[in-house]
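Chemist: All chains, full assembly: derive it from the sequences and hints.
Here is what each chain is made of, one letter per residue.
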Amino acid sequence: MGPVGPESQEAIRLFDKTVLMECVESDLELFRTLFEVFEQDRPGLLVAMEKALERNDGAGLEQAAHKIKGALGVFGAGIAEMSAARLERAGREGAVTAGLALFPAFEATVLKTEDQLRDFLAELENEKGVRDS
Amino acid sequence: MKPRMRALIVEDDRVVQTLLEHRLTREGFEVKLFADGIDAFEWASAEAFDVAILDVKLPGMDGFELLEKLRKIPHAQDVPVLMLTNMASEPDAIRGLELGADDYIRKPFSPRELIARISRLVDRELEE
Numbered sequence: 001m002g003p004v005g006p007e008s009q010e011a012i013r014l015f016d017k018t019v020l021m022e023c024v025e026s027d028l029e030l031f032r033t034l035f036e037v038f039e040q041d042r043p044g045l046l047v048a049m050e051k052a053l054e055r056n057d058g059a060g061l062e063q064a065a066h067k068i069k070g071a072l073g074v075f076g077a078g079i080a081e082m083s084a085a086r087l088e089r090a091g092r093e094g095a096v097t098a099g100l101a102l103f104p105a106f107e108a109t110v111l112k113t114e115d116q117l118r119d120f121l122a123e124l125e126n127e128k129g130v131r132d133s
Numbered sequence: 134m135k136p137r138m139r140a141l142i143v144e145d146d147r148v149v150q151t152l153l154e155h156r157l158t159r160e161g162f163e164v165k166l167f168a169d170g171i172d173a174f175e176w177a178s179a180e181a182f183d184v185a186i187l188d189v190k191l192p193g194m195d196g197f198e199l200l201e202k203l204r205k206i207p208h209a210q211d212v213p214v215l216m217l218t219n220m221a222s223e224p225d226a227i228r229g230l231e232l233g234a235d236d237y238i239r240k241p242f243s244p245r246e247l248i249a250r251i252s253r254l255v256d257r258e259l260e261e
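If you read the sequences in order, they're chains V and G. Sequential numbering of the first sequence, starting at 1, is according to my numbering. Sequential numbering of the second sequence, starting at 134, is according to my numbering.
Incorrect hints may appear among the rest.
Dumping the calculated DSBU-like pairs for lysine-lysine here, alpha-carbon to alpha-carbon at most 30 Å [as the list claims (entries may be wrong)]:
#: 1; chain 1: V; residue 1: Lys112; chain 2: G; residue 2: Lys240
#: 2; chain 1: V; residue 1: Lys128; chain 2: V; residue 2: Lys112
#: 3; chain 1: V; residue 1: Lys51; chain 2: G; residue 2: Lys240
#: 4; chain 1: V; residue 1: Lys51; chain 2: V; residue 2: Lys112
Derived CB-CB ranges, DEER-like [claimed, not checked]:
#: 5; chain 1: G; residue 1: Ala249; chain 2: V; residue 2: Gln40; range: 50 to 56 Å
#: 6; chain 1: G; residue 1: Lys205; chain 2: V; residue 2: Arg13; range: 22 to 28 Å
#: 7; chain 1: G; residue 1: Lys205; chain 2: V; residue 2: Glu39; range: 39 to 45 Å
#: 8; chain 1: V; residue 1: Arg118; chain 2: G; residue 2: Lys205; range: 42 to 48 Å
#: 9; chain 1: V; residue 1: Ser26; chain 2: G; residue 2: Pro136; range: 30 to 36 Å
#: 10; chain 1: G; residue 1: Glu160; chain 2: V; residue 2: Asp132; range: 26 to 32 Å
#: 11; chain 1: V; residue 1: Arg55; chain 2: G; residue 2: Arg253; range: 42 to 48 Å
#: 12; chain 1: G; residue 1: Glu231; chain 2: V; residue 2: Leu28; range: 25 to 31 Å
#: 13; chain 1: V; residue 1: Met21; chain 2: G; residue 2: Glu198; range: 33 to 39 Å
#: 14; chain 1: G; residue 1: Ser178; chain 2: V; residue 2: Ile12; range: 32 to 38 Å
#: 15; chain 1: V; residue 1: Arg131; chain 2: G; residue 2: Arg204; range: 48 to 54 Å
#: 16; chain 1: G; residue 1: Gly161; chain 2: V; residue 2: Ser26; range: 16 to 22 Å
In short, the hints are calculated from the structure, not lab data. Glycine included, every Cβ here is placed at the ideal spot set by N, Cα and C.
Modeler: Dropping the structure here:
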């Protein structure tokens, strides 16, 4: 499955709740901590990928795509993770033109995934607030 | 009192780093974390540790090169090493084992499985 265009993302959940909750072992604090790290690092990683593409720097693209792929995997964000893997491979093979074509949809998918993760975290925190009150 | 075991973690993504550090600390390990192979090798050359978890793809020196260098350090020759490999890359796992890794786990990993694998490696080392 390739990257998801913005118009088709509305109906699709871009992460797997089961994978995510298994990864954080249902620990809400840990989920929050990991998400905050992702929110801090994601802009820099996308910029690093974009700059690598502009500079025709396959190794730089491979490195940045690999890093963001690892983070996406933790959240069960399979669609974005697969797109990151394709960009990583494009970088490794020096196929920067292919990477340029893939990047806009990848970026949109990552941002949408991040929004969905933020909403899910808020939902879990609300549920916890209700339980604790 | 049993001394805390030391885990060397070399992983360049901060989300994965944070997850590994959290989980191993919870298991009672003292965690030493590095984002690149060169810094990790410098530290490991001078310090003792009980288990190493190495990502394959690292800036500076990749996980395979780091593994080869670790195996040449006298105090690290027998330290259990677990490699973090790409989901789709069986060759990475095989190469790691051929270079002297004791086990591997594919990313994204289940933390419970990771801890089970590390515990098995550490227990085996303690028995020998």
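Chemist: Using the C-beta atoms of glycine 161 of chain G and serine 26 of chain V, is the stated range 16 to 22 Å upheld?
Modeler: Distance hint for glycine 161 of chain G, serine 26 of chain V holds at roughly 21 Å.
Chemist: Could you grab the alpha-carbon distance between lysine 128 of chain V and lysine 112 of chain V and see if it respects the 30 Å cut-off?
Modeler: holds, 24 Å
Chemist: Just to be sure I understand the hint, the distance between the Cβ atoms of serine 26 of chain V and proline 136 of chain G should be within 30 to 36 Å; is that true here?
Modeler: holds, 31 Å
Chemist: Does the Cβ-Cβ separation between methionine 21 of chain V and glutamate 198 of chain G fall within 33 to 39 Å?
Modeler: The hinted range 33 to 39 Å holds for methionine 21 of chain V and glutamate 198 of chain G, with Cβ atoms some 36 Å apart.
Chemist: For the range 22 to 28 Å, tell me whether the beta carbons of lysine 205 of chain G and arginine 13 of chain V fit it or not.
Modeler: violated, 48 Å
Chemist: Tell me if the straight-line CA distance from lysine 51 of chain V to lysine 240 of chain G falls inside 30 Å.
Modeler: holds, 26 Å
Chemist: Regarding arginine 55 of chain V and arginine 253 of chain G, is the given constraint of 42 to 48 Å on their beta-carbon distance met?
Modeler: holds, 45 Å
Chemist: Verify the CB-CB distance for arginine 131 of chain V and arginine 204 of chain G against the hinted window 48 to 54 Å.
Modeler: Because 50 Å falls inside the window, the suggested range holds.
Chemist: Regarding glutamate 231 of chain G and leucine 28 of chain V, is the given constraint of 25 to 31 Å on their beta-carbon distance met?
Modeler: Violated: the Cβ-Cβ distance is about 41 Å, outside 25 to 31 Å.
Chemist: Taking the beta carbons of glutamate 160 of chain G and aspartate 132 of chain V, is their distance inside 26 to 32 Å?
Modeler: For aspartate 132 of chain V against glutamate 160 of chain G, whose Cβ atoms are near 28 Å apart, the range 26 to 32 Å holds.
Chemist: Between the beta carbons of arginine 118 of chain V and lysine 205 of chain G, is the distance compatible with 42 to 48 Å?
Modeler: About 46 Å separates the Cβ atoms of arginine 118 of chain V and lysine 205 of chain G, which means 42 to 48 Å holds.
Chemist: Checking one constraint from the list: CA of lysine 51 of chain V to CA of lysine 112 of chain V, max 30 Å. Satisfied?
Modeler: Status holds; Cα separation ~21 Å.
The structure shown violates the earlier hints numbered 5, 6, 12 and 14.
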